[in-house]
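Protein chains in written order, with the numbering used here: chain G, 1 to 136; chain Z, 1001 to 1376.
Please note: incorrect hints may appear among the correct ones.
[To be verified] Pairwise CB distance ranges (calculated):
no.: 1; chain 1: Z; residue 1: Ser1019; chain 2: G; residue 2: Cys36; range: 53 to 59 Å
no.: 2; chain 1: G; residue 1: Phe53; chain 2: Z; residue 2: Gln1081; range: 45 to 51 Å
no.: 3; chain 1: G; residue 1: Leu121; chain 2: Z; residue 2: Asp1187; range: 28 to 34 Å
no.: 4; chain 1: Z; residue 1: Glu1268; chain 2: G; residue 2: Arg63; range: 28 to 34 Å
no.: 5; chain 1: Z; residue 1: Ala1265; chain 2: G; residue 2: Glu14; range: 38 to 44 Å
no.: 6; chain 1: G; residue 1: Phe53; chain 2: Z; residue 2: Gly1077; range: 20 to 26 Å
no.: 7; chain 1: Z; residue 1: Ala1021; chain 2: G; residue 2: Gly26; range: 40 to 46 Å
no.: 8; chain 1: G; residue 1: Leu121; chain 2: Z; residue 2: Glu1017; range: 50 to 56 Å
no.: 9; chain 1: Z; residue 1: Asn1080; chain 2: G; residue 2: Met136; range: 40 to 46 Å
no.: 10; chain 1: Z; residue 1: Asp1355; chain 2: G; residue 2: Thr37; range: 56 to 62 Å
Keep in mind that the hints were calculated from the coordinates and are not lab data. Idealized CB from N, CA, C, for every residue including glycine.
For reference, the chains in residue letters:
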Amino acid sequence: MSARPGFPLPVPSEDSAPFWEYLRQGELRVQRCLVCTAFAHPPRLMCPNCGSFDREWVPVSGRGTVYSYVVTRQAIHPSFEGHTPYATVVVELAEGPLLTSNLVDVPVDEVRVGLPVMVALVTAGDEVTLPLFRRM
Amino acid sequence: MESLRNRVAIAGIGETEYSRASGRSETRLALEAILHALDDAGLRREDVDGLMRWSVDTSSEAEIASNLGVRDLAWFGEVNQAGNVGAALVAHAAAAIATGLAHCIVIYRGVNGRSGRRYGRGEVTGRRGQGAAAFTEPFGLLTPQHQLAMVARSRMHEFGTTSRQFGWVAVSEREHANRNPRAMFYDTPLTIDDHQSSRFVVDPFHLYDCCLETDGGGALVLVSAERARGLRKPPALIRAAAQAGHGERGFVDTAAVSLAPRLWAQAEVAPDEIDVAQIYDHFAPYVIFALEDYGFVARGEGGPFVEAGGIRWDGGVLPVNTSGGHLSEAYLQGMNQLIESVRQVRGESTSQVEDVQLSFCDTGIGTGAVILERDR
């Protein structure tokens, strides 16, 4: 899958830049607190659990299950024309964090809560790699 | 510390017509509504010393003040987030009046939500992939209904709530709109089959789960309870007013989980003492989720409650959104529901509940709520 017109690309920020950079290098890593080891996603500057600024980026298995999903059937915005229907899922990673994503190989009518999935890195433009998921 | 309880009142309400194309500016709509609200209260422009607005409102307090002729603006402010801040504004204004920082505060909303920038298309809330939206928008979660549909799915999975139960929210509210000549859907009935056969916009939301897009204006005038007692209309006393941040809640809990204990404690009443409720129905399922998270019913019982007619004016245990709500009257982002909650206290609703003492209004599924009380 290449870049999808109409879907904004992520704009990395101070706290999220490493997430996107690791993906570009082919790795899914999630931010974790060095002190209390609590995961945080989306990433942030400070650990909301213990208050530490000391963060690390740890590789995760990429395995997870579909926690929730929606199917966009109407092109709500003109730029979605030709892209509906599409499913957006929230994946609960085996390590715990929840990631919003898309499935690359599952027809929208087959998406279910609890579906086991595995990360699939897909480039979207020259600079961006997105963590999508495939059925396991 | 002295509580807010019944020290401040909503003394005036005003609104314009609700339409798909107002033909005038958002500032003009706000000003017209403000004049109606002042007239309703029996107050004059020169009485106003405070102005408050939704941060998403496009009319600054300076612009409104200069048009109204307010020369000494003692109190102004706004509350951020999105459409869901109406009750929070009431809380802020009430606190200011109770402490003497201002004496007559107008809360206003003027919006061309259909003919102008459209919320339903992400034209207001879209972030172009920046900030936290970097983790949602690239995957096609671009509008409020996307985010909220995700929570709705989780709750369907968790508590067994069904799309048909969502439909009974829409049908109940439509019945109320069919009794309200101001409502955009006054002339149009809705059946449960109409709901179930309507197209999916964002599955699990059918078309009739989604609120209207509306052009219109609305305003509230707040003064001390003492002053309100001498004005034109019976005061709607602010028994309690509270707000809550979205926070980190995952995909099941609404903000009402945080707000409800504080609200009920502040009001010193229990949910079963409420006579009528307005609940922020940007999407029909959220009426069910609010009923559950505020404690009107237990979790998982909101769907069956609605299906059994629990929120209907005609025979319901707790009539909800008696003007037709955001689904069928107008989507003025909580303003029209605050106005309706005042009407219920005064006895002025087109679907008036008998002998209302306590009128509840949520304006964001837990991000803010007020409880109004009839003066005894």
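Now for the hints, and whether the structure bears them out:
1. Z:Ser1019 <-> G:Cys36: 53 to 59 Å: Since Ser1019 (chain Z) and Cys36 (chain G) have Cβ atoms about 54 Å apart, the given range 53 to 59 Å holds.
2. G:Phe53 <-> Z:Gln1081: 45 to 51 Å: With Cβ atoms ~27 Å apart, the hint is violated.
3. G:Leu121 <-> Z:Asp1187: 28 to 34 Å: Violated: the Cβ-Cβ distance is about 53 Å, outside 28 to 34 Å.
4. Z:Glu1268 <-> G:Arg63: 28 to 34 Å: violated, 50 Å
5. Z:Ala1265 <-> G:Glu14: 38 to 44 Å: holds, 39 Å
6. G:Phe53 <-> Z:Gly1077: 20 to 26 Å: Given about 32 Å between the Cβ atoms, the range is violated.
7. Z:Ala1021 <-> G:Gly26: 40 to 46 Å: violated, 52 Å
8. G:Leu121 <-> Z:Glu1017: 50 to 56 Å: For Glu1017 (chain Z) against Leu121 (chain G), whose Cβ atoms are near 53 Å apart, the range 50 to 56 Å holds.
9. Z:Asn1080 <-> G:Met136: 40 to 46 Å: Taking Cβ atoms as reference, Asn1080 (chain Z) and Met136 (chain G) lie about 41 Å apart, which means the hint holds.
10. Z:Asp1355 <-> G:Thr37: 56 to 62 Å: holds, 57 Å
When each numbered hint is compared with the structure, violations occur for hints 2, 3, 4, 6 and 7.
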